[in-house]
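Student: Chains A and B, in that order, give the protein sequences. For the first sequence, the working numbering assigns the number 130 to the initial residue and increments by one for each residue that follows. For the second sequence, the working numbering assigns the number 53 to the initial residue and increments by one for each residue that follows.
Keep in mind the hints are simulated off the structure, nothing from the lab. Note that beta-carbon positions come from the ideal geometry of N, C-alpha and C, so glycine has one too. Do not take every clue at face value.
[As the list claims (entries may be wrong)] Simulated restraints, written as ranges between beta carbons of each label pair:
1. Lys380(A) x Asp319(B): 27 to 37 Å
2. Leu209(A) x Lys234(B): 56 to 66 Å
3. Ser127(B) x Leu306(A): 42 to 52 Å
4. Phe266(A) x His120(B): 30 to 40 Å
5. Ile361(A) x Gly64(B): 35 to 45 Å
6. Asp353(A) x Asp116(B): 54 to 64 Å
[What the hints assert, rightly or not] Which chain B residues stay away from chain A? Per the calculated CB distances, all over 12 Å, these:
7. Lys121
8. Glu123
9. Lys126
10. Ser127
11. Gly129
12. Lys152
13. Leu169
14. Lys176
15. Leu224
16. Leu226
17. Asp232
18. Leu264
19. Asp319
What follows is the residue order along each chain.
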Amino acid sequence: MRSFKAYFKKEIMESVRTNKYLILFIGIIFWALLDPLMLKLLPIFLKSYLPADLTTLFSTFTRDTAFQTFLKDLFQIGTLFIAFTLMGLISNEVYNKKLVFPYSRGAIPAGIVLAKYIHYAVTVSIFILVAFLTNYFYINQLFTGGVLSIGIVLKSSLLYILYYSIFLSVLLFLSSLFKKSIIAGITAVVIGYTLSIFNQFNTIRAYFPNYLIFKATDIGYIFDNSLIPTIIISFCIIILLVFFSILCMKKIDIA
Amino acid sequence: MIKVINLKKSYGRLEALKSISFEVERGSVFGFIGRNGAGKTTTMNILTGLIKFDEGKIFIKGKDFLKHKQEIIKSIGYLPETPTFYNYMNAYEYLNFIGKIIGYDFKKPRKNAGELLEMVKLAKQGERRIGGYSRGMKQRLALTVAFMNSPEILFLDEPASALDPEGRMEMLELIEGLKDNKITIFLSTHILNDAERVCDKICIIDKGKILLTKKLSQLYETYIQPIFDIEFEEDPGGEINLLKKLNWVGSIKESGQRISLYVKDIDYAKKEILKELSKLNTNVASYKIRKSTLEDIFIGMVSKNEII
Numbered sequence: 130m131r132s133f134k135a136y137f138k139k140e141i142m143e144s145v146r147t148n149k150y151l152i153l154f155i156g157i158i159f160w161a162l163l164d165p166l167m168l169k170l171l172p173i174f175l176k177s178y179l180p181a182d183l184t185t186l187f188s189t190f191t192r193d194t195a196f197q198t199f200l201k202d203l204f205q206i207g208t209l210f211i212a213f214t215l216m217g218l219i220s221n222e223v224y225n226k227k228l229v230f231p232y233s234r235g236a237i238p239a240g241i242v243l244a245k246y247i248h249y250a251v252t253v254s255i256f257i258l259v260a261f262l263t264n265y266f267y268i269n270q271l272f273t274g275g276v277l278s279i280g281i282v283l284k285s286s287l288l289y290i291l292y293y294s295i296f297l298s299v300l301l302f303l304s305s306l307f308k309k310s311i312i313a314g315i316t317a318v319v320i321g322y323t324l325s326i327f328n329q330f331n332t333i334r335a336y337f338p339n340y341l342i343f344k345a346t347d348i349g350y351i352f353d354n355s356l357i358p359t360i361i362i363s364f365c366i367i368i369l370l371v372f373f374s375i376l377c378m379k380k381i382d383i384a
Numbered sequence: 053m054i055k056v057i058n059l060k061k062s063y064g065r066l067e068a069l070k071s072i073s074f075e076v077e078r079g080s081v082f083g084f085i086g087r088n089g090a091g092k093t094t095t096m097n098i099l100t101g102l103i104k105f106d107e108g109k110i111f112i113k114g115k116d117f118l119k120h121k122q123e124i125i126k127s128i129g130y131l132p133e134t135p136t137f138y139n140y141m142n143a144y145e146y147l148n149f150i151g152k153i154i155g156y157d158f159k160k161p162r163k164n165a166g167e168l169l170e171m172v173k174l175a176k177q178g179e180r181r182i183g184g185y186s187r188g189m190k191q192r193l194a195l196t197v198a199f200m201n202s203p204e205i206l207f208l209d210e211p212a213s214a215l216d217p218e219g220r221m222e223m224l225e226l227i228e229g230l231k232d233n234k235i236t237i238f239l240s241t242h243i244l245n246d247a248e249r250v251c252d253k254i255c256i257i258d259k260g261k262i263l264l265t266k267k268l269s270q271l272y273e274t275y276i277q278p279i280f281d282i283e284f285e286e287d288p289g290g291e292i293n294l295l296k297k298l299n300w301v302g303s304i305k306e307s308g309q310r311i312s313l314y315v316k317d318i319d320y321a322k323k324e325i326l327k328e329l330s331k332l333n334t335n336v337a338s339y340k341i342r343k344s345t346l347e348d349i350f351i352g353m354v355s356k357n358e359i360i
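Work the whole structure out from these sequences, hints included.
Tutor: Here's what the structure looks like:
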């Protein structure tokens, strides 16, 4: 518990002083602010360049489609921001020998890993929630139509939070596995994107975490029974990967 | 206090430690000396639980290191050769961070950390971020971290390497002071003068093998050179020939009023020398047995190992 407390506080300090909070905030919230504006302004900008029948396509955006566009962009770009900001969670500490003093003074690997995971899971979750609410506010200001409600936005955000909690556990595990953080970052991004392929297969997609992203965009039908295996598997993945990260940290040579 | 039996460690094909064994007594300063890459830091990293070992046994305070690692580590302080910190923290913050890990009872965190920093003359720079510290300042901060919670055993890896001459002297005085407080010190160094000054026992390691482990006093006895340096009040001239005739004298090197007498049997020569010198028709100003320095012994041992 002592290691957990010490590292949790250290992660907060590090995130503030090395601008990790700022980068994550921009990476996640930016799309919540930019997407509705872009969708609203794009038809105006393109009016003189596109034929009239094409510009009508842009004017058909409702609150629902605007929200779905934001979700898609957040998944594509937010994943990159999270992966490349947090790819060195463990590897950087080991590679730069930052753990020599803490380990030699009795720091416990489980405390370190859990502090890092919980800290960033909470951070990313808060930023996602803020991003979703901000996006909802802007969409309501700029668009009309659709069935989008605060309830739908919150449900959708919950699925995104769960997805990124898994993504973080993948990143944490890869970071404890590879010495070079960039390898962990790229591998996590590749895994994150390629697993979306399974959303094409109706029979098996519910067994992959990317189904959470698929369901989050399924406005009006977000929570249904098909999510049960996904949620169970998601929690199992998180627990297993965090456990394996701790195991790796126990076996690793620190100096 | 520390007992190492047949310790082995390899990095791939490279055998870093080839079945080393040694023992460190409680409250002593154990000098672990060797060239770069001899295996000093690897041994220290193993003994502080930072890296694993392949074979062998380690007992610290009579307890099996592998079985009681977490408990043992609480009584250990480690000063690595190149200490690394979180550079965005300042010294106060770093001490508080480590303090939290070891459960250091900071009643008034800032005041207590300040006292620790005062000890290594860093209190004035305590607010500065560690990233801006010089190597010597980092070394002093590292020393504070190693000292936190009064460890029973201190592992010091080249503690004076980054310090200026004044800092080095202070470090040696500090080690001597700790010895008086019955703290066991495992000191790795290649500054042999430092080892000679503070160590009770010397262990020479080369190419992952222990070449010698001996008390410093025994070491001088064992590696004493069979040479008497004698100084006369005036040039002894032909008087020296009397000494040359003695069957226990090997050779004599003359240099004005001084001679170096190489003997065949040092113990016999110790008994006879004064008797024979008194027979000479010239006054002796001084005489002494030439002592080997730790450097002589170290170079001798390592060169022998090179040939093997």
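Student: Each hint needs a verdict: does it hold in this structure or not?
Tutor: So, going through the hints one by one against the coordinates:
1. Lys380(A) x Asp319(B): 27 to 37 Å: violated (56 Å)
2. Leu209(A) x Lys234(B): 56 to 66 Å: The hint (56 to 66 Å, Cβ to Cβ) holds, given that Leu209(A) and Lys234(B) are roughly 57 Å apart.
3. Ser127(B) x Leu306(A): 42 to 52 Å: The hinted range 42 to 52 Å is violated for Ser127(B) and Leu306(A), with Cβ atoms some 32 Å apart.
4. Phe266(A) x His120(B): 30 to 40 Å: With a Cβ separation near 58 Å, Phe266(A) and His120(B) fall outside 30 to 40 Å, so the hint is violated.
5. Ile361(A) x Gly64(B): 35 to 45 Å: holds (42 Å)
6. Asp353(A) x Asp116(B): 54 to 64 Å: holds (56 Å)
7. Lys121: For Lys121(B), whose nearest Cβ neighbour in chain A is about 9 Å away, the distance does not exceed 12 Å, so it is violated.
8. Glu123: violated (9 Å)
9. Lys126: It is violated; Lys126(B) is separated from chain A by about 5 Å at its closest Cβ, not greater than 12 Å.
10. Ser127: violated (10 Å)
11. Gly129: violated (8 Å)
12. Lys152: violated (4 Å)
13. Leu169: Holds, because the least Cβ-Cβ distance between Leu169(B) and chain A comes to about 16 Å, which exceeds 12 Å.
14. Lys176: holds (22 Å)
15. Leu224: holds (23 Å)
16. Leu226: holds (19 Å)
17. Asp232: holds (24 Å)
18. Leu264: holds (26 Å)
19. Asp319: At roughly 47 Å from the nearest Cβ of chain A, Asp319(B) sits farther out than 12 Å, so the non-interface label holds.
Comparing the model with each numbered hint stated earlier shows that hints 1, 3, 4, 7, 8, 9, 10, 11 and 12 do not hold.
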